[in-house]
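Use these hints to put chains G and B onto chain U, whose structure you have.
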Amino acid sequence: MVNNKAILKIEGITKRFGNLVAVDNVSFEIYKGEVLGLIGPNGAGKTTLFNTITGLLLADGGKVYFKNQDITNEKPYKICKLGMSRTFQVTQSFISMSVEDAVRVGAYNRHDERKVEDQVNQMIEFFGLNAIRKKKCEELGLAPLKRVEVARAMATDPDLLLLDEAGAGLNASEMSELMEMLKEINREKGTTLCIVEHVMKMVMGICQRIVVLDYGELIASGTPEQISSNQKVIEAYLGKRAVK
Amino acid sequence: MIGSQPRPESSQGGVVQAVIQNIINGTMMGCIYALITLGLSLIFGVMNIVNFAHGDFVMISMYFTFWASSLWAIETVATPLITFPFLFLFGILTYYLIIHKTLREKYVIQIAITVGLMTFLRAVAQLLWKASPRAISYSIVQGTFVIGNYTIMMSRFTSAVVSVAVIYLFSLFLNHTWQGRAIRAASDDLDAASLMGISYKWTYALAFGLGTAITAIAGGMLMTFQQVDPTMGLRFGLLSFCILALAGLGTTLGIIISGVIVGIAESLAMGMWDPRASSLVVYMIFILVLWLKPRGLFGRK
Amino acid sequence: MQNLQTMKQKRSIPYTAIVLFIIALVLPILFRRSQYNLILLTTVVMYGVLATSWNIIGGMAGQFDLAAGAYLGLGAFTSGTLLIRWDITPWLGMPAGGLIAIGFAVLIGYPLFRFRVREVWYALSSAALVSVLRVAFLMWEEVGGPTERYIPYHDWSFYHLRFSSYIPFYYIMLILLVIALFINHWLSRRKLGYYLLALGDNEDAAEILGVNAQACKLKALMIYAFIGGMVGGLYACLYGFIHPKFFSNTMSLEVAILGIVGGMGITYGPLLAAAILVSMREFLRASLGGQMQSLYLGIYSFVLIIIVLFKPQGLGALLRDIYSRLNYIFRKESPKP
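Chains as they are written, first to last, in our numbering: chain U, 1 to 244; chain G, 1 to 301; chain B, 1 to 337.
Just so you know, the hints here were simulated from the structure itself, not pulled from any lab data. In this text the structure is predicted, and so the values were computed from the model without any measurement. One should not assume that every hint holds.
Stated by the list, open to error - Straight-line Cα separation of at most 27 angstroms, DSS-like style, residue types lysine-lysine; simulated pairs:
| id | chain 1 | residue 1 | chain 2 | residue 2 |
| --- | --- | --- | --- | --- |
| 1 | U | Lys189 | B | Lys219 |
| 2 | U | Lys135 | G | Lys101 |
| 3 | U | Lys183 | U | Lys67 |
| 4 | G | Lys130 | B | Lys245 |
| 5 | U | Lys135 | U | Lys67 |
| 6 | B | Lys311 | U | Lys136 |
| 7 | B | Lys311 | G | Lys106 |
| 8 | G | Lys201 | B | Lys191 |
| 9 | B | Lys191 | U | Lys115 |
| 10 | B | Lys311 | G | Lys101 |
| 11 | B | Lys311 | U | Lys115 |
| 12 | U | Lys78 | G | Lys106 |
| 13 | B | Lys311 | U | Lys135 |
As the list claims (entries may be wrong) - Quick partial rundown of chain U residues pointing at chain B, CB under 7 angstroms, derived from the structure:
| id | residue |
| --- | --- |
| 14 | Arg86 |
| 15 | Gln89 |
| 16 | Val90 |
| 17 | Ile95 |
| 18 | Arg104 |
| 19 | Asn109 |
| 20 | His111 |
By construction, the Cβ of each residue, glycine as well, lies at the ideal position given by its N, Cα and C atoms.
So that you can see chain U by itself, here it is in the shape it has in the complex (with noise of 0.2 angstroms):
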């Protein structure tokens, strides 16, 4: 599955807050149809990492490259019609929407009127969304806003979906259920995954390659296993807790 060609390729991202540099020289590449994960302490830098790359933020330095397009501080549905769509840390949902309407905004970015209707279905039923499809978003739990999130994403057919802290707020059982969600998108539809993590197990599980940021810089990457044995990451980690 992994053919080690790059779908995203980052060269020394920059973003500065002010005095504060909060992605400091960030370089990685993200392999066609892997799952990678990107973690990172608190603070690491990681969403702001994330809206650079979606263009919600102008990087300062840096390029991003998708498919071989440089796509650096490009307009997000920009980037979104070229096949890349992502997830939020804090659910931004659609609240006066209706759960199968929010899923249709993200269908009509590849699906003219005729077809649109089916692709909701498909991603209703793909995402199980069925019993709760006419209801409101603002009615809904964090588990199933979450869902239809990545659910509103998939509809878009992003060939790269960045997920940013998906397992944020969930408990032990609604953790692995989104696991095992994920791991069903990148065996059945083939889509790239990218997933911003800082609880560790959640990630281990299900990422085939990791890069680990801290202060904004990457300080590592590689497979779980070495990452877990990684002196630095160990320190980023341990350390300040010990810190603490």
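What follows is chains G and B alone, placed relative to chain U:
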């Protein structure tokens, strides 16, 4: 003579003199506008709500000053001593009763609530004081003094000085007191601020109350040389929004400079072109800023 | 089962709509004796048109527009001036006014939507546009100026859109209302409509899903401004003169309030709000006279604040709730969520 522009007679170099006279007048007005804007930016910076009713609070303050001065014969310059605490309470009450509930709503709803408040205040003013303009009959700061060829109205001059002094006091308050720092912390990072034991609800209410109360001082000062009528609120609102857009968020000095720029532009437009043109010019500035520098000239975000 | 329910929903609205439409057709015949009642009806329908089209930019796209008066004024001055100066029929003047309104809408919409400036700046600049156009037209003596410009009198001319009764105006306004409602209804089940609703809820999330926020908002604004301009053209003929006071901040405010109170994103909500609030306003005006003029604004804003605080979905949603509750009681159907 209240509200009229002192116009120099045309003579040699009359145009230059008129321009300079207008710049002087505009600078003084600009300081008062900056004071009004400070209240707006305090609220906007802290809770990300632009209070559409801000200009109408100025209008209400002016009426209160009119009342205090005509009913109880209180000196106009001193009326803020009464109206300030009153508007402070009014602001806090407004926050708890209506603003707080909309903080988590969509932007449209947040805008709707302050637009509703603005309309409500205007309607109340129209019912209480009718549509005709009101002015105070006497203030100790009336009269003019002359520097060189230029006439300066005592009342405007005093108002400008008071405004700058109040702005300075406020920046001291924000930088050097616990409550002030709490407000600044909340505007920087709400989550971190609440971790440090700052109650965001009270901080928000405080900011809203202070932002509203500032209009009491501005209103009192304006009343020494201007008339008030119920539709004035929108004009002050737009003026202060324009200044805020020009200044961007974050700097007190930026607000003063932007206030003076807008004040001068308005005064020049009124004096040199057409008395009705002031809003035209202010709006041009506003649109130009939004086209060219959407984060303001001095903005930090 | 699912299909059955949606089919029912789809059918129930047109039935009610047809009944209401027939009532709207008959109303002027009932009131034909009183010109006052006829102009009141026309005014209610006019606010209905404006608030319904406001729903596209305000209710759906979430842009708090306060420029209804600007578009109306531009439409009135375009069509009025064409008629006074060159004897060009308002039937051409109305769409021309709509196009000019679009021009100004784009002028303020483009920079704001391009820079993703917060919604509040849009609200402000649209409010400012009204004041500025009023001043500009007061100063522009060739077209505007401080005195009314009267449209030549014709007893009954379809070409000049001048009639000695308000009944034709009522029906033309009603046509505009049907068009506005139709566009709303049509949009609400098309790509643009879903995109606008998504933008109104959460702009970042919508853009990530492929929504071009700037283009969508501009489209919504253009539709709204065009309808506003058309209404303006008719407004000039209805009152028989043009004056810069048509650029009214108060009217713009009223339209936005009706849009919010009626229910954002609900096709029939703003019309409902217009029917209730505008009739109330006219009733107050007639019974209290001039000295209590502003009381209605107080009531408008009070209703707005109450609705926003306790039922932000608006009167339309309230009515829908009651309707489904009644359904439940009488037919033992489960209430719709």
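Hint by hint, here is what the structure shows:
The suggested pairing of lysine 189 of chain U with lysine 219 of chain B is violated, with an alpha-carbon distance near 35 angstroms, which exceeds 27 angstroms. A hinted pair counts as satisfied when its Cα atoms are at most 27 angstroms apart, and lysine 135 of chain U with lysine 101 of chain G qualifies at roughly 24 angstroms. For the given pair, lysine 183 of chain U sits about 23 angstroms from lysine 67 of chain U by alpha-carbon distance, which is consistent with the 27 angstroms threshold. The suggested pairing of lysine 130 of chain G with lysine 245 of chain B holds, with an alpha-carbon distance near 20 angstroms, which does not exceed 27 angstroms.
Simply put, lysine 135 of chain U and lysine 67 of chain U have alpha-carbon atoms about 37 angstroms apart, too far for the 27 angstroms limit, and the pair is violated. Our distance criterion of 27 angstroms between C-alpha atoms is met by lysine 311 of chain B and lysine 136 of chain U, whose separation comes to about 16 angstroms. Note on lysine 311 of chain B and lysine 106 of chain G: the hinted pairing holds, with a Cα-Cα distance of about 13 angstroms set against a maximum of 27 angstroms. Simply put, lysine 201 of chain G and lysine 191 of chain B have alpha-carbon atoms about 40 angstroms apart, too far for the 27 angstroms limit, and the pair is violated.
Using a Cα cut-off of 27 angstroms, the hinted pair lysine 191 of chain B and lysine 115 of chain U holds, with the two alpha carbons roughly 12 angstroms apart. Proximity of lysine 311 of chain B to lysine 101 of chain G is assessed by CA-CA distance (about 12 angstroms); at most 27 angstroms being required, the pair is judged to hold. The suggested pairing of lysine 311 of chain B with lysine 115 of chain U is violated, with an alpha-carbon distance near 36 angstroms, which exceeds 27 angstroms. Our distance criterion of 27 angstroms between C-alpha atoms is met by lysine 78 of chain U and lysine 106 of chain G, whose separation comes to about 25 angstroms.
A hinted pair counts as satisfied when its Cα atoms are at most 27 angstroms apart, and lysine 311 of chain B with lysine 135 of chain U qualifies at roughly 18 angstroms. Below 7 angstroms, beta-carbon pairs count as interface contacts, and arginine 86 of chain U has one with chain B at about 6 angstroms; its hint therefore holds. About 12 angstroms separates the beta-carbon of glutamine 89 of chain U from the nearest beta-carbon of chain B, more than 7 angstroms, and the hint is not met. Because the smallest distance between the Cβ of valine 90 of chain U and any Cβ of chain B comes to about 11 angstroms, over 7 angstroms, the interface hint for this residue is violated.
At about 6 angstroms, the closest approach between the beta carbon of isoleucine 95 of chain U and any beta carbon in chain B falls short of 7 angstroms, and the interface hint on this residue holds. Satisfaction of the interface hint for arginine 104 of chain U is found here, the shortest Cβ-Cβ separation to chain B being roughly 6 angstroms, below the 7 angstroms cut-off. For asparagine 109 of chain U, the suggested interface contact is upheld, since its CB lies about 4 angstroms from the closest CB of chain B, less than 7 angstroms. With a cut of 7 angstroms, the hint placing histidine 111 of chain U at the interface with chain B is violated, because the nearest CB-to-CB distance is about 9 angstroms.
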